[in-house]
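Asks: Construct the complete structure from the given sequences, taking the supplied hints into account.
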Amino acid sequence: MPRRSRWSRWQIVGRFIAVAIPGYLLANTSGILLSFVLPMSKINAALMASIFSFAILAAIVLWIFHEQSLKQIWIRLLTGSALTGGLSALLYFIGGPAT
Amino acid sequence: MKQSFRQSMAWLHTSSGLVFCWVFYFIFATGSLGYFNKEIDQWMMPELPQIASNATAESDLQAVNVAVSWLQENAPQADSWFIRPPNHRSNHHLRVIANTPASRSSTGEKQSLNKRLDIRNGQVLEPRDTGGGNTLYRMHYVLHYLPTQLTYQFVGLLAMIMFIALATGIIIHRNFFKDFFTFRPSKGNRTWLDAHNLMAVSTLPFQLMITYSGMVFVIGMWMPAVAGGNLGFNAAEVQKAYFELNGEPISKRSDEPATLAPLQPILEVALRTIGRDNFEYIQVKHPNDVGAQVIISEHHNQPSRFRQKIFFDGVSGELIQHNQSSPSFSKATYDAIQGLHEANFAGIGLRWLYFLSGLAGMGVIATGAIYWSLKRKKQFDEMGQSPFNYRLVNRLNIGVIAGLPIAIAAYFWANRLLPVEMSSREDWETHSMFIVWLLATLHPLLRSNENAWREQLWAAGFAYTFIPVISAATTSRHLLASIEAGDWVFAGFDLTVLATGLLFLTAAWNLNRKKKLAA
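Chains as they are written, first to last, in our numbering: chain X, 8 to 106; chain Y, 27 to 545.
Simulated from the structure, these hints should not be mistaken for lab results. There may be inaccurate statements among the hints.
Label-pair distances were calculated between CB atoms; the ranges are [to be verified]:
id : chain 1 : residue 1 : chain 2 : residue 2 : range
1  : Y       : S129      : X       : V44       : 43 to 49 Å
2  : X       : V20       : Y       : I461      : 34 to 40 Å
3  : Y       : L521      : X       : A62       : 37 to 43 Å
4  : X       : K78       : Y       : T217      : 42 to 48 Å
5  : X       : T86       : Y       : I461      : 51 to 57 Å
6  : X       : W17       : Y       : K401      : 23 to 29 Å
7  : X       : W17       : Y       : R115      : 51 to 57 Å
As the structure is a computational prediction, the values presented were derived from the model and not from experiment. Just so you know, even glycine gets a beta-carbon here, dropped at the ideal spot from N, CA and C.
Replies: Listed below in structure tokens is the structure:
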């Protein structure tokens, strides 16, 4: 079976898992952060952010399948999730934009 | 080994596009047909009288009266009544819909009524049992035979994969503008790629819209954390907030009987407000209960899911609320995205454009699969190999790409040929479609590639061109009669299937000719 791709089977599987777990996580935490930052009432911001979150996830997927190092992928996605998630939690507890 | 961005995206484009391409093909086929679901519904119920489509103020009021009498008699304790007079593309006949839970129904079982009434005398019109075009439409998001909760979620996931395929396709397309109209016939693989690109690029706004909006439908299933995150993930609070975002007044059943307010005066007030021509349907929530509510809705007349609604108290007849527009910017955005996907607002011209764009989408998927298959063949030929998996996929490709259209034609054949009084007729029309599809996927396993393609294209050609013939043989609503009567729903359907059949026959004949030239 001709294999043109530069990746081994495990590197590909690793990337799919990277999409499903840290990638999906980052898309969600970024989306939630966006919903705190948008200048609208909470529910409206949540809806807008939800609509955008698919574009965020798509961008993450494209990056995962271009980035060379699987290790870097996981590190950056998890770090990004921690940052955006942490910031969101902060904004939640100190109160986001006025409803 | 470092790769350019384009090379990575090419790999991703092939993977995301190919793995589920057969399901994508099915979704685009049934979704495209779904834009004409009401018209196909009509064609599949030839017993229903053709209705003149000029509704008047009197006919609407009469329709409502007739509907209310019938509903009071047959579903007085329903959760909700829908009354749809014949005033729109979607309503050729007076439709009444009522759902009564088991606890309050006369039969002791949950009752779901969906009937067409004769506007003159309130008689129930009984056309043949059929899933109609609506069954095809529903298949594009819940597939068939499998639990719908699961399949809906799966199709939502597929939308995300399709979006990746689209995005990566755009990225890897070299010379996007320079090659916009490139089509080089008779160049083998190149031609297939040109066709793939041309069909995708020429309908690109549609493809992007349909895929992205497809994802937005499943926000609740696939991005629930973002949808409720900033409210603290409290499910009850989130639900309440989204309900309020809808901006519709609450109506609650109180289990205390009360006389339903007469609908005529309510309707007259509503029609004065939204305009005569804009009225589409009435919904009565909790009829004959203290908590009754009457909702008058206008048509979809803008690219949005939103439409004006006027809410009345169902006992006093008092106007409660008039929703003139989407309550907020984000809701309006959401409504617009969904509305563009559903295209309920589309007139006949735009509807055809949607349909043809959907067919182009089918073409993109089919040519993509074929192009991949031909490229693989070249690689294998060079290595002197022909793995079983590859040959199997090639055969199954034929069964899906050519076989699905044959199966859909079989669905229409079954509608005309299955006995009208047959029990489970509706199910068997759909079974016919899938049985034929199964046979179409098995047939190529017994034939060579070239023969299988040719035979299935001939089969598709005959299957479609004979639909109007079978229709003429089994009903009185044949093509010439329809044209004479100005019935463009029936005539349009017959002409479209004829054209489809001719296209397949042409393709089959061309393949035949190529074979003769090569021999």
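Asks: Give a verdict on every hint.
Replies: Structure-based check of all given hints:
1. Y:S129 x X:V44: 43 to 49 Å: This hint holds: roughly 48 Å between Cβ atoms.
2. X:V20 x Y:I461: 34 to 40 Å: holds (37 Å)
3. Y:L521 x X:A62: 37 to 43 Å: holds (41 Å)
4. X:K78 x Y:T217: 42 to 48 Å: holds (43 Å)
5. X:T86 x Y:I461: 51 to 57 Å: holds (54 Å)
6. X:W17 x Y:K401: 23 to 29 Å: holds (25 Å)
7. X:W17 x Y:R115: 51 to 57 Å: Given range 51 to 57 Å: holds, Cβ gap about 54 Å.
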